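Student: Residue numbers (the UniProt record's numbering), protein chains in the order written: chain P, 1 to 213; chain E, 1 to 213; chain V, 1 to 213; chain H, 1 to 213; chain G, 1 to 213.
Among these hints, one or two may not hold up.
Which copy? The list can't say, so a pair holds if one copy fits it or any two copies do.
[What the hints assert, rightly or not] Straight-line C-alpha distance at most 27 Å; calculated DSS-like pairs for lysine-lysine: (1) Lys38 to Lys89; (2) Lys134 to Lys46; (3) Lys46 to Lys118.
These are computed hints drawn from the structure, not numbers from a lab. Since the model is a prediction, treat every value here as computed from it, not as a measurement.
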Amino acid sequence: GTPSSGSSLPRLPSEPVDKPGSRWVRLNVGGTYFVTTKQTLCRDPKSFLFRLCQEDPDLDSDKDDTGAYLIDRDPTYFGPILNYLRHGKLIMDKNLAEEGVLEEAEFYNIASLVRLVKERIRDNENRTSQGPVKHVYRVLQCQEEELTQMVSTMSDGWKFEQLISIGSSYNYGSEDQAEFLCVVSRELNNSTNGIVIEPTEKAKILQERGSRM
Amino acid sequence: GTPSSGSSLPRLPSEPVDKPGSRWVRLNVGGTYFVTTKQTLCRDPKSFLFRLCQEDPDLDSDKDDTGAYLIDRDPTYFGPILNYLRHGKLIMDKNLAEEGVLEEAEFYNIASLVRLVKERIRDNENRTSQGPVKHVYRVLQCQEEELTQMVSTMSDGWKFEQLISIGSSYNYGSEDQAEFLCVVSRELNNSTNGIVIEPTEKAKILQERGSRM
Amino acid sequence: GTPSSGSSLPRLPSEPVDKPGSRWVRLNVGGTYFVTTKQTLCRDPKSFLFRLCQEDPDLDSDKDDTGAYLIDRDPTYFGPILNYLRHGKLIMDKNLAEEGVLEEAEFYNIASLVRLVKERIRDNENRTSQGPVKHVYRVLQCQEEELTQMVSTMSDGWKFEQLISIGSSYNYGSEDQAEFLCVVSRELNNSTNGIVIEPTEKAKILQERGSRM
Amino acid sequence: GTPSSGSSLPRLPSEPVDKPGSRWVRLNVGGTYFVTTKQTLCRDPKSFLFRLCQEDPDLDSDKDDTGAYLIDRDPTYFGPILNYLRHGKLIMDKNLAEEGVLEEAEFYNIASLVRLVKERIRDNENRTSQGPVKHVYRVLQCQEEELTQMVSTMSDGWKFEQLISIGSSYNYGSEDQAEFLCVVSRELNNSTNGIVIEPTEKAKILQERGSRM
Amino acid sequence: GTPSSGSSLPRLPSEPVDKPGSRWVRLNVGGTYFVTTKQTLCRDPKSFLFRLCQEDPDLDSDKDDTGAYLIDRDPTYFGPILNYLRHGKLIMDKNLAEEGVLEEAEFYNIASLVRLVKERIRDNENRTSQGPVKHVYRVLQCQEEELTQMVSTMSDGWKFEQLISIGSSYNYGSEDQAEFLCVVSRELNNSTNGIVIEPTEKAKILQERGSRM
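Take these sequences, add in the hints, and give me the full structure.
Tutor: Here it is as structure tokens:
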């Protein structure tokens, strides 16, 4: 969010990194440098990073020769960890392995982030294993003279499946027209929340007509 | 655009970074160094970065021991932020999480960029949730002797759906040919702006013929 | 896992890198710096990295002028190697070439990791070469007056293939209705472990009816 | 190409970077260091980079405290720019935003590269918006006894669409066989330059036969 | 492969980089540092890199102020080049532009690698331009009472195309059943090396039956 109160804004007097009492903290994670503030690191009191910023910088922790705290973990997956502590959201680039971030969230013991990553992994698995598209089918019925119009006005996502002629076009001396059944289909799309839009008005009426035989 | 007036061109006399009054500014964003100019940082007067370059470099801001301004934010998503201030466009590599850039745009309080990123996110969601392709259907009608030619000359994106025979091939002593209906389809493609190209001239005439029974 | 016992936690007294007896080890892999601990490097006693951390830092190994051990190998694929030694899992970002990690695992002689990577490569190849989707088919049979209902209630992943009329609609003076066969299909989805869900109850009964002729 | 004449080969006597008259140039682009030669930078006389290497290194240009020329632009998209000046080709990794390279090519005023990038962007748009695949259709005709063979020998990319029976199977005492029409289709594949391969010889003959009624 | 003989293993006595006679070589490729050994660089005697490691480090080559050899080329595509010299394989991450590696392989004049990259590019183009899937078709024939069983037992990748009724269901007083033809299809899958698996035994027999009329 926007730093209206300016808690992460630079402020007076100047506070160089590494000075005693400085609010800035330098980390050497697996060989890559990160800079952040004690406020960020202290966001989750149960995490390993909280313990890190409580310590008296001279007495307790392993530091490299530039004074940065040493952490024997992967730097690539540390970015999303630190960002989560900064703004509370889980953001991962598309090529990043979510399991990598999960391992680090578990190592640093940030329980809320572990839940978020596990949920993200679950959602991704669900999305990719949805199986074949489901369809619903309807049967439309009309006489031959209505056929062209009925087919031409079929729209709104309904798909033509098959036309089949039925009924008494073979009766002697009959004045009956040929009757046709038309099978149409529609994909059941998850994002429409399972609501299936009915065919147009005319087709509805036709559908209510029973068999002609 | 092209720097014809040379505002970001190097110019005389030389201006090393970090000298008092220098137009160059060094930033240490989460541990990664960026170099830019005060002109770039001042592009949006309401942003946190504007405030940063207004300050007297010695009095107001937190700097690391190389004199770079410290910012406790992610460096990966800072690139598009800085580029936006440089040239006014939102450019993001394909693997980058747009939400990451949005978080930073909101933190730095660059309202126009926040709008751009939100719009980009919305466009991407629309593109991926367009649902099944929509089709339009037409019914063509012809006699058996015209059938081969009608099917062979069907082109321009029209797709064959079904052939069905209709009419009086069963009348005693009749000279009538078999009649056929041919159902064809065409995808409604968004990029054609909803314009559906009608079938060829002959087929149009056939379509206007009514039922033969 | 969580470092509850704190073996990789920073602890007292402080241990700067490169001090004699320090638990921290710096590596220069192909020009990129990595920092880790002897504990991590010693995870697999048969690996080249184990030998590296056994050595007396001053006598045995090639080091650069910052005191980091030199390794003439690729740094990009070293990340997953080091992570495997840290937490025992194989984690690779989506754009990474698995063969690159395999080459390094073989060079460093980490047999368990070599097996894991080969398995991962094999799984990926299987997933992409599964061939066309397989289908099963069923034939439903009903009278014309049941047709609309049967087609409309077809769901649960069954797909309409074809409707065909059969039987004695041509017998003189018969009261028989037209009979229809409906062919339906269903994808054999691997994730359902080959279990094919049967059509609804009514359709089952219809299927058991023999031919009407 | 291969440096047979060795213009970019190292040569005698040694020429350390930054010495007066050195052929090597160091650039600090947005905080990332690049090293190249004056020869490379001078490739396009109208570009901003040409001006940069003409200057007397001490008088005219902004440099950082390591002596590298400062440029307030993005470093990620600078790689393809420099490579273009080195070898004349536009090479971009798959995740790179082409618009990013375009912006930089325009800033540095390298007209030939601007044209190349715009062309690349256009080609990509054309490829992704090609619309639905186009088909051509043919009608094959045969008697019932030829049907199995005709269907089995259909190959070479022709796809079965529909089989329909026609003609005089209903004449009293006739010896005529049932006649069948078979509609087949083929994708119009751009890479075949619009050449449609005709069906096999037999089918051609059948196609020339007119209607049987 | 595994360094059992230890040629790239660190060995006694210690050999810091840049000492005269050191086996380690530092390269500054376009601004990015790489470290490797003379043994690696000398792998291809005709390459520019071989010449580089032959030279007396003080006399012949351009070096930067840290003593690394300067090369005016792209660093991103240099990784695969160096890896090829290390282990003889071409390994490229999925987002890397193969043309970038080809340009560098040609510049450094490593003929065997140039061949490998060109082959890789060719394979990728073939894979993406295979055109529409090819099908083979078969016609099955059975009587109405066998229809349900034949359709239900169709499996192993055969796909239902169409059912059509043929023959003498219209003869006066005949006891004949309706006959059906069933058209089925199968994808020609490259990975099966063009071997088409025949339908089941019963269907084979039916196929050998001629026309019933």
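Student: Run every hint past the structure and note whether it holds.
Tutor: Here's how the hints hold up against the structure:
With identical chains, the CA atoms of Lys38 and Lys89 are at most 27 Å apart within one copy only, with a shortest distance of 19 Å there and 31 Å across copies. Proximity of Lys134 and Lys46 under a CA criterion of 27 Å is satisfied in neither setting, with 46 Å inside one chain copy and 51 Å between copies. Taking CA atoms no more than 27 Å apart as the test, Lys46 paired with Lys118 passes inside one copy only; the shortest distance there is 19 Å, against 34 Å between copies.
Comparing the model with each earlier hint shows a violation of hint 2 alone; every other hint is respected.
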